[in-house]
Each structure stands twice: as structure tokens, then as C-alpha cells.
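Sequence lines, in order, name chains X and B.
Position one of the first sequence corresponds to residue 9 (my numbering), numbered consecutively onward.
Position one of the second sequence corresponds to residue 9 (my numbering), numbered consecutively onward.
Just so you know, the hints here were simulated from the structure itself, not pulled from any lab data.
Every residue gets a Cβ at the ideal spot worked out from N, C-alpha and C, and that includes glycine.
Take the hints with a grain of salt, since some may be wrong.
[Said to hold, decoys possible] 27 Å max Cα-Cα, derived BS3-like pairs, lysine-lysine:
1) X/K161 <-> B/K337
2) B/K161 <-> X/K337
3) X/K161 <-> B/K343
4) X/K343 <-> B/K114
5) X/K343 <-> B/K161
[What the hints assert, rightly or not] Interface residues of chain B toward chain X, partial, derived using beta-carbon atoms under 7 Å:
6) I10
7) A88
8) K300
9) V331
Protein chains: 2
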Amino acid sequence: MIIAPPAQIGASIDEIDTPALIVDLDAFERNLQKMALYVAKTGVRLRAHAKTHKSSDVAKKQIAAGAIGQCVQKVGEAEALVNSGIQDVLVTNQIVGAEKLRRLAKLAQRAKIGICFDDRSQVRAASEAAVREGVRIDGYVEIDTGMLRCGVKPGAIAAELAQHITQASGLTFKGIQAYHGSAQHLPTAFERRAEISKAIAFVKETQEALNRVGLDAKVITGAGTGTFRIEAESGVYTELQAGSYLFMDVDYAVIKDESGHDYSEFEHSLFVLSTIMSVAGDSWVVADAGLKSYSGEKGPPRVHNGPGLSVVSMSDEHGKIAVSQGSHKPVLGEKILLIPGHCDPTINLHNWYVGVRNGRVEEIWEIDARGASR
Amino acid sequence: MIIAPPAQIGASIDEIDTPALIVDLDAFERNLQKMALYVAKTGVRLRAHAKTHKSSDVAKKQIAAGAIGQCVQKVGEAEALVNSGIQDVLVTNQIVGAEKLRRLAKLAQRAKIGICFDDRSQVRAASEAAVREGVRIDGYVEIDTGMLRCGVKPGAIAAELAQHITQASGLTFKGIQAYHGSAQHLPTAFERRAEISKAIAFVKETQEALNRVGLDAKVITGAGTGTFRIEAESGVYTELQAGSYLFMDVDYAVIKDESGHDYSEFEHSLFVLSTIMSVAGDSWVVADAGLKSYSGEKGPPRVHNGPGLSVVSMSDEHGKIAVSQGSHKPVLGEKILLIPGHCDPTINLHNWYVGVRNGRVEEIWEIDARGASR
């Protein structure tokens, strides 16, 4: 079934059908520019992560603001971006399976494509796909930075894998993928700094091992919204992969900054607009957005500008909102904005962003990589 | 972007692209038949809930097996079903907003449509929409069964709302919506029985109040997979709204039955097929399915037939699987089946079910109401 946009350009907020994914364009643009300015100042490059936004429209805005390209997790995401004209895409993890590698190699006929490795057999498989399609693909060695997920051990083992990439037809050894995902959400700046310091040491160790075998990682890529300044100022990382900075979410709002305050480097610009569908409860109301409009694994969304209102349970299509004593109890049909617990999987539930400024719908962007998990 | 099916009919399991939503057709059909037989024996009717399966193909199988129609939560789901020829759809909650009510009334030109109320103003709004489109819509009073979400208080207040429905042009008062969602997942059969007993008492109280004002609820509708036998055997409920029974999930697997054993009334028939994408870790592997392929708010999925394997962290597109000492460590490219934590929001992430029997893809069903949250 085709899902139509929930509003037309020019509509007022009240005319937007709900649930709808809303972007506060002023806040979004401030976030976009703030990161662009920071990156320009430090000299690292931004390769923003499309797994967050899942939209060629948003990717183009990042590139227009100076990003050198995009990161993705999946071939399907890369296809959406390249089909819309994006020219430089790095798959920030492993792609396993001959058919997926064939699709990726096909994309390399039209764009610069990179892929990460943490296993020799995968180098061979990607090389075969590249040769078959007559392309070159950039190969990155992913090292385990301490997040204990994908990636080989830093140092000699990583350098050995890089040699395999160098020797493989159709592949160009380009650099090191050194992303530390779990560090992004550590509660204090001290903990985040400690974890990323270890990651930086692992990168240095790997760079030295590469040099010993006559190789050099031209690109060191990693970092997310919670730690990007640390990587950028390390003197080691050359590319940042942040994505959530555009939108932010409750998961990022609860971590603390260097001063111990709530992390407010960027503003909440992403919301789920929801309509109050039931006011029969004494001390609660029910909104028409649930687990199919926002992801719940990081906890419930927050009510934006809703003092005394808190989402206390999430059903498939209902959100129950407790109204504290003395607070305004929303009326039937009233619209509220919810700040999602976790932006990436929330966006993946929707087909359209509705961009709003001064209470009017100004832009509608397609989430063209929604569901592109293959 | 159009998401193509992850396999073709006739393919082997190994040829299915991942992540993919898999249905074990044998288990699915046993679940379908088991509920159909039970319902036929007790004399209650099954109005299965499409919010679980989101697919006209699945709805038609339920109806072919004896279900009298379907439940939905959203107008968009009702549209998908009616467009595919389903003739009897009950919206099991409130629909707020003139445009949504207009769409619903339009559907009533082609199918039997019901809707729930817990507010007088909504009765008026639905009546206006029905009159405008020249249709009749069945109206149900939703009572709060003790789950403290939507619904008016049982008894006189509910009867008063029923009178409003009776008096409203274009609406036919049909019955009582008395679903208790949170009771479905209470850990013990004793707790579930205690909660549903209260719901049954609330229904009786409401039926008596209706009779006092000369009304009669012809339909008492509710129940889910965790409690349906209690409602069915109450002598009060006439329709069951179960949905998850077709597929099951970890959330249902952890509750206990009357004997204190794990709840096994129905079999797991729904899985997310995933490929091992990284084996670089010492004591873990990483699969290519994360929060964009299964919902995580009820906890991680379980590895099916994977002794010693447990999903220990969920990222957007990664699932980290710990391998206990002495267990088989999956190899790169190996495919594993994951039992989702919560079936409904998991299904809503996918566009296709891949039906498998004897290791071969036998059927592919479209999830045509995926994302139909408006």
C-alpha cells in the first residue's frame, strides 16, 4: 500500500493528519549548520550517517552544508542514496552474501563506494564481486574499538587484513573504521572520554602496525553525536559519522555534558505529532501514536512543551499520558508533540518527514530508505 | 522506494535475502486451525485482530477458517482490508478527526464498519460523517475493563453513551467493546483470570444498565491471545479479538499457563531470518538484524533452535549474539531464526511475509497495511 504524506505544503499544524513525523525546520537547520561550522573549523570531514535519517532529501542538505558524503549500514540504503544522485557512500559495516555484494558492486559503477571488513573470506567475496562488475571498491578494516561488536583486534591483526585488501583485485585499501557506538550514550562526559581515548589508542596502534608493513590508512572514520568532539580533536580521526545530531532524542537528552548538565549540544528538531483520542480517564489521556509510530526500546517518548504530562505506557497504537494534578488536561482532538526515545528506529517507521516552520508545513521529504534493511 | 520481497517462491531457506520475516507455514496453519476449532466448539465468534498481521492475505485465511471479520486500530488498516475485499471490519478504538471519520464513512459504502466510542462529542462527529456519506456505521461503547486506557466507566455512564449512539442518525448501537490488553501478559494464569473476571463483571454491570434503559448489547467483543478462553467461557462475550495466536512471540512465551508451565497454547510460527555478518569476536557473533527488523521494547529476540546462543544487545541493524562456552559458534554467512520479542510492531517493520514449508518458500504475503497508522 502506498502511504501518502500526512499533510500538504502550506497546511497548518492542525491540518496535519496524525501520527506524523515532524521536523522543526528552524531547529533542524541550526543543528545542520552547527555541525557544519564545527567540522569546517577543525578540519575533519563529516560523512554523516544515513541510517539515522534514511532520506536522500536530508542527505542532500548535509552535503550542501559541506558533508563529503554519507554512511549507510545496508546496501538498500546505499541504493536509495545513489539512485538519488549521492556520489560517495561508505557502508560502515560488513556486507555478507553474494547477491548483496553484487548489488553493492553495481552501485560502484555509478558512485564511490566503500565497505568494511573484519574477515578475510569477506575480502575475497567483495573482490570477486568488484572484478565481476568491473569496478573498484574502497576497503576499510573495521577494528573493535572496545564496543565488542564487529571488527578485528587492533594492531597486527588489523594490518594483516589490510594487506589482504591491498592484494585483492578490485579493492583499494582506504583506511580504518573505528566507531564506538556504545560510548555515545555513556551517562557522563568523563566515561565517554575514557572510552574514546581507548579507541584512539587502538587506532594509533593499528596505524603503527600498518606502517610497519608499508601501508597507511588515509581515512580514519568513526564517531557519533555523543562523542564527535573527542574524535575530531584527537588528531587521528579524519572523518566523523554522526547522524543523530540533526534530530536528537530522549536517549541523547539524558546524558550529561562536560559540565554535568543535560547534553544540549544540539536541539530536539524531530517529533511525532499525535492527536488525543480519549479523555475518558480521570487522570490520564490517550494519544493516537504508539509503538508503530515511535520505537520504545529506549523508553517512552517525552511530551514536548507539556508540563505535567508524561507517557506512562505504550501500546501498538496508543500512548497513555498521565496528567499530573493541577496540570492542563489535554482535550479530545488536541494535538501534542512527542520527542521520540530513539530517533533512528522511529524514523524507520515513517514514510515522510513533515517540515514545519512558523506553524505551517513548508517542506515534505520522503524517507526513501525506510525499510531498506537488506 | 519499493521494497521487493526477499525471496521468490520455490527458493530454499538459504536463498532468502536477510533480514526477512519468515512464517513456518505448518505451525501457522496449526495455530489457525486450533483457534478456529476452539471457537467453533464454544459458539463464540472470532473477529481476529489485523493490527497483529497487517495483511489482507492473512485476514482472508482467518476468514476462510471461520472468522466473521477483522478488527483494526486505524482507518488506514481498514482501508487496506476493505480494498482487498474484506466485508466486515470493526475499529476497536476511537477515531478522532473529521478527515479520518470521512474516510471511515466512505468505507461503510462498501463494507460493514464498526467503531468504538468513549465520548459524546465523538458520537456526534461520527454521526455527521455517516450522514454525509449516506451510510450506517455500527457503534460500540468502549468500557474501561480495568486496563485504565480508553473507555468510559462501566454501568450507567456506558448506558448513557449507548443511548446517544442509538439516537444519532447514521449510527446503529451494536454492543460493548471490552478488551483488557494489559491482562494478556500478566505472568500467571491466576492473575489473568482475576483481571478478566473483573472485566466480565464490568460487562455484566453495563449490560444490566443497558437493559434498564431499554437497550441490549448484541455484541460483547474483546479478549486476546493470553486470556481468550476466559472470555469465551464467560457466557458473556460473543466475539474474540485475538491476533497474536497466529504467530506468538517471546512476550507470550514467558507467561505461565494454568499448570504453571510456559504458555504453549500456540506455537511460534513467526521468525526473523538473519545472517551472521561478523565472527571476529571471541565469544560472540553478530547477526544482520537489529531494531529495524524486530521491535525491542519487550526485550531482545530469542535464537530459535540455537542452544547456547542469546541476543545480548540490539543496535539499529546489528544483533550481538553471545555464544556460551562449548556451544557451536555460528560461522560467517550462517542463517539463524530469531523469535521476536513482540510480534505486532515487528511485523509492522516488514513489507512481506515469506511462508516456508519443508525448507522451501511456498507463499509470499504482502503486509499491505504496514505503516497504515493513520
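Could you tell me which of the numbered hints above are not met by this structure, giving the numbers in increasing order? Of the numbered hints given earlier, those the structure breaks are 6 and 9, listed in rising order.
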